[in-house]
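Just need the whole structure built from these sequences, with the hints factored in.
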Amino acid sequence: MHRLLLFLILLSLLSSHSEAQRTSPGAAATQRTVTSQTATPRVTVSGFVTDAGSGERMIDATVYERASFTGTTTNSYGFYSLPLLPGDAEIIVSYLGYDADTVRIWLTRDTVMNFSLVMSSSEIAAVTVTASGRRAKIESTQMSMIDIPVEKFLKLPVIFGEADVLKVIQLLPGVQSGTEGSTGIYVRGGGPDQNLFLLDGVPVYNANHLFGFMSVFNPDAVKSVQLYKGGFPARYGERLSSVIDIRMKEGNEKELHGNFAVGLISSKVSLEGPIIKDKTSFVISGRRTYYDVLAQPFIIRANRDSDDRTTGGYYFYDLNAKINHKFSDKSRLYLSSYLGRDRAYTRSRYVTNFQDGDNSRTEYKDSYGLGWGNIITALRWNYLITNKLFSNTTLTYSKYDFDVTIESSAKNLSTGAKEVDYFKYFSGIDDLGAKIDFDYYVSPRHSVKFGTGYTYHHFKPGVTTFRYDPMMGDDGLDTVIGDMRVRANEFIMYAEDNIDITSRIKINAGMRMSMFGVQDTGYFVFQPRLSVRYMANDDLSFKVSYSKMAQFVHLLTTSAISLPTDLWLPVTRKFGPPVSHQVAIGTGFLLPADLEMTVEAFYKTMDNLIEYKEGAFFGGTGSGWESKVESGRGWAYGAEFMVEKSYGKLTGWIGYTLSWTERKFENLNFGRTFPAKYDRRHDISVALTHKFSEKVDAGLVWVFGTGNAATLGVSEYPPISDNDYYYSPVTDYPGRNNYRTPAYHRLDLGVNLHKQKKNGIRTWSFSVYNAYNRLNPFFIYWGSTWVEEPDPANPGQMIYYSKPELRKVSVFPIIPSVSYSFKF
Amino acid sequence: MKPKYTLTFLVAVALTLITTVSCETVIDYRGPDAQPKVVIYSVLQPDSLITVLVSESHSVFQLRYQPRQIPDATVRVYRDGVLLEILSYAEPAPVPEYAPLSPYSLYVSDVNSPEPGSIYRVEVEVPGLPLAYGEAEVPFPVAAAITDTNSADIGNGYRELVVRFRFRDPAGESNYYRFTASGTTGYYYGNKNEPYNPFAPVSVQRQELGYGSLSDPLIAPQQEDDIFDMYLQNTYFLFTDELIPGREYSLRLSYTGVYPDTDYYEFLHARFCLNNISRDLYLHLQSYSAHIQTRDNFLAEPVPVYTNVVNGLGVVGASSTACDSLKIGEYPVDGVTYDMWLY
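As they're listed, the protein sequences go chains P and Y. Under this note's numbering, the first residue of the first sequence carries the number 1, and numbering increases by one thereafter. Under this note's numbering, the first residue of the second sequence carries the number 1, and numbering increases by one thereafter.
Hints should not be assumed to be uniformly reliable.
Which residues of chain P face chain Y? A few of them, derived with a C-beta cut under 8 Å, are [stated by the list, open to error]:
#, residue
1, GLU716
2, SER728
3, VAL730
4, TYR733
5, LYS803
6, GLU805
Don't read these hints as lab results, they were simulated from the structure. From a predicted model like this one, the values you see are computed outputs, not experimental measurements. No residue lacks a Cβ here, since even glycine has one placed at the ideal position from N, Cα and C.
Here it is in structure tokens:
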């Protein structure tokens with residue numbers, strides 16, 4: 001609490017200092033302008049920026065008044081508010097890939113001006129008008145944030161031709177991927193549970209389909225993606241390492257549009273349009289895999305000569321839907337929902353072809369099922385209280401669960417008598433939340449965001465149901481074990497202040513307070529945030545930031561891919577909330593040829609991390625997990641370089657990360673520091689797209705990364721044992737994660753062929769994943785081969801022995817893919 | 001071929017490819033060479049002469065590795081910093097020609113037994129390998145006794161034998177324990193629905209009875225409903241005094257189905273022991289157990305085995321033991337036929 005008071009006092013001192021600067025006479029030209037602003041009453045220009053074609057509200061569009069050099073950007077709901085001096089004003093609104101809109105107006109009073117931008121038909125025009133847009137990034141206090149252009153990532157080649165948000169994020173500096181092909185991300189030394197995935201502001205606990213090889217975010221439904229790796233604004237929290245803020249499309253207000261696509265893994269369809277033109281619109285997107293359907297003919301063929309009828313398969317589906325209604329320019333309501341589920345199953349049926357003593361036959365059935373999925377819903381109300389105060393009230397629901405079901409039955413076909421054995425394991429988490437956020441625009445150089453929220457968590461770490469009918473004289477069983485449901489309450493408050501101290505120095509100072517109550521224990525974590533930007537000149541800025549982050553959930557995971565055994569658990573009395581401190585320093589500048597460069601260095605510490613004990617792994621229920629994990633700390637540091645080109649025919653980026661990630665646990669590796677599994681010294685990524693014409697564009701991705709860390713022993717010795725002769729040797733491990741797998745690199749190429757048809761545009765996409773067929777390691781292990789060779793000591797005799805071999809398992813060689821889509 | 005058939009064909013081919021393409025290749029090991037190290041196993045017990053087992057590690061790349069005896073090692077034992085004895089090599093007992101050579105070379109004291117409260121240092125020098133050594137303080141035994149024994153019918157023809165084994169943890173120090181129990185049991189193989197038949201033998205077996213301690217929360221804190229656990233926890237029945245510092249405690253030892261029916265000359269002669277062991281031995285046994293149990297589990301992080309041997313591997317530890325016996329039924333009894341399974 002003392003720290004909070006101190007912080008508030010410092011903040012008010014800072015504000016009063018800035019006011020003094022504004023009123024000091026004889027200041028520099030820009031400061032004189034500011035002085036004039038405080039002396040003269042201002043008028044406020046506010047409104048929304050939308051896409052002229054669809055009516056979609058545009059996030060982070062730049063709104064700029066030319067004469068006064070003042071500007072702002074739209075918030076997450078396309079709203080802007082720009083206080084200006086009365087009189088002549090020339091307002092320019094721009095956004096990447098759109099023609100800028102310029103309006104000249106004589107301001108006498110508060111004015112509402114909504115802008116609709118038209119998608120640019122000329123790349124050159126877009127470059128010309130978006131210079132201020134390019135500078136917006138340099139000028140922002142926000143660092144360690146990357147705005148991922150959705151329309152660009154759809155053109156990049158990806159495995160199986162399935163565009164995926166998270167796989168694009170993996171290509172960014174500071175982000176390490178997990179195992180090949182998976183969507184796991186590790187940001188600045190953090191673990192996979194330290195990333196907050198927000199879908200329309202609602203946390204998504206499991207962002208994976210297909211055991212982690214695809215994410216749940218259907219690109220057809222995605223409007224914008226922002227990745228925060230550091231310098232976290234106070235409005236974000238509850239994870240240590242990153243925030244991935246994904247916003248869904250709102251739906252075209254003007255006319256009905258849609259698209260469908262057929263790929264190797266899945267097919268998808270999307271439809272959007274007005275329900276009441278310019279008032280109410282909807283968007284709905286769905287996709288499903290069809291591996292299970294395609295496999296059926298092969299399964300039927302395999303069963304043809306067998307008495308045992310076995311079938312099985314795997315599929316996932318997901319559905320995104322959103323509807324919004326505009327009550328007025330000031331009031332708008334959104335209802336968005338996501339529903340997705342994965343399911344793997346086998347079923348077999350066998351009927352005895354002989355008759356028992358009572359002349360009956362028996363039918364046996366077995367089924368195994370594994371499923372997991374998310375349900376996410378958000379009801380959001382945007383309300384413009386005044387033209388300077390914007391509010392957003394949200395009710396959220398997020399549910400994640402997985403289950404394993406095994407059922408066996410035996411049925412007497414004559415009597416109908418049936419005996420059933422049933423086993424079900426279930427785990428999940430439900431969140432119910434409410435929050436309210438405000439954006440207050442004090443002046444062109446001062447804006448405030450603040451808000452509060454509450455979430456009710458219901459953890460079901462692992463519930464197992466056994467049931468079997470009385471058989472063979474016993475009593476049968478119907479029981480539930482491991483039902484350790486945990487309920488928790490989370491309350492947060494935040495405030496962030498974005499102030500121009502001088503024309504060159506701008507800060508974003510914030511604080512976040514999180515309270516978490518669980519098992520009669522309360523945790524309070526105060527999290528100060530600070531970002532400072534210094535503009536050296538128009539094209540060069542320096543930034544520094546500090547963030548303290550905390551989270552109140554752990555993910556227990558033992559494997560490199562996402563398995564349903566990954567278990568979300570709350571902090572407990574024994575294992576408190578993980579907390580991180582991160583300092584980052586960086587610079588951003590514009591280069592010729594429309595290039596932007598950012599360089600950042602960071603240092604991050606993480607406390608109260610948990611890892612499984614050596615030898616332990618998830619055993620099925622959540623009730624005993626605390627005895628299987630150890631608590632420790634970690635740290636990461638490094639530098640990231642990124643050259644980006646957002647405009648023109650050739651766009652993309654080149655990123656390089658040099659980093660170290662280490663862990664230290666008192667009871668792991670005998671207390672010695674060890675590299676984290678995804679400690680990667682060098683990480684390079686090149687992601688480029690080139691638009692040759694309206695009909696043809698192509699993409700290229702090349703990645704290189706130092707090999708993952710692995711624990712490998714290369715010597716053996718006899719154990720402490722009572723048996724002298726027959727023993728299993730002990731492997732001597734020099735240290736945890738002591739070995740590096742071979743470096744990872746690959747090249748992906750893709751081309752998209754578009755053709756205007758009568759009712760829309762069809763696109764054939766061809767891509768090659770891992771074009772030069774690099775056999776990258778999925779994992780390595782010691783194997784052996786049996787050697788048979790002549791015995792040099794005994795001519796004519798053979799000797800036989802086992803020879804050890806280090807083996808590398810690769811799963812993704814060169815993979816060509818093709819997909820077809822049609823957009824109307 | 002119509003486009004839709006082309007697409008279907010492509011999809012089918014691609015899916016087949018995906019499911020069959022994962023491949024395995026042999027790669028070079030690019031790491032430091034593993035140099036052989038001296039391996040020392042010495043558990044100092046006050047009721048035994050000092051013994052040290054000497055062995056050596058070898059690289060996995062050493063093809064056709066055969067263990068050897070190391071008769072030329074120099075094994076020095078220091079007590080409280082003073083050289084006590086240089087141990088003598090003991091020739092292994094003759095073994096059949098086809099049996100593999102033991103990797104353990106035994107060095108044993110002629111006269112000295114460890115004394116509780118003293119610190120022993122075992123130093124081993126094997127020609128060609130760096131000098132390796134480890135230390136252990138011999139703990140005092142902690143008295144323990146059986147305080148209660150009872151049995152109860154638990155249904156389905158089974159009985160549960162419950163033994164209470166009481167001890168007091170010494171205050172003011174951290175203690176590490178290992179529970180051991182061994183027994184000789186006799187089972188009647190005849191029909192118990194009929195009177196005793198002297199021609200039906202009583203099968204005599206030796207058994208480790210330590211598993212009965214897993215019903216005690218001190219020894220088996222992880223006795224949860226852990227349905228997928230792939231390995232048995234705490235195979236050495238180790239525990240610490242963390243939960244009972246300086247307090248008296250009765251271990252609950254539960255055995256199902258071993259209660260002897262003395263009407264049929266069944267018997268149980270058991271010896272329950274509380275071993276007060278050094279911390280290093282505790283850590284070594286604990287990690288070795290986990291190492292062996294999980295070595296084939298690809299989901300678990302490998303477990304390194306703890307060592308306190310400097311420049312080497314293995315453990316120099318100590319253990320002091322207090323035991324109590326339990327006898328139910330008589331053995332041997334004249335006139336009863338015994339079928340001996342004592343191996």
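Q | Violations among the numbered hints, reported as their numbers in ascending order | A | none
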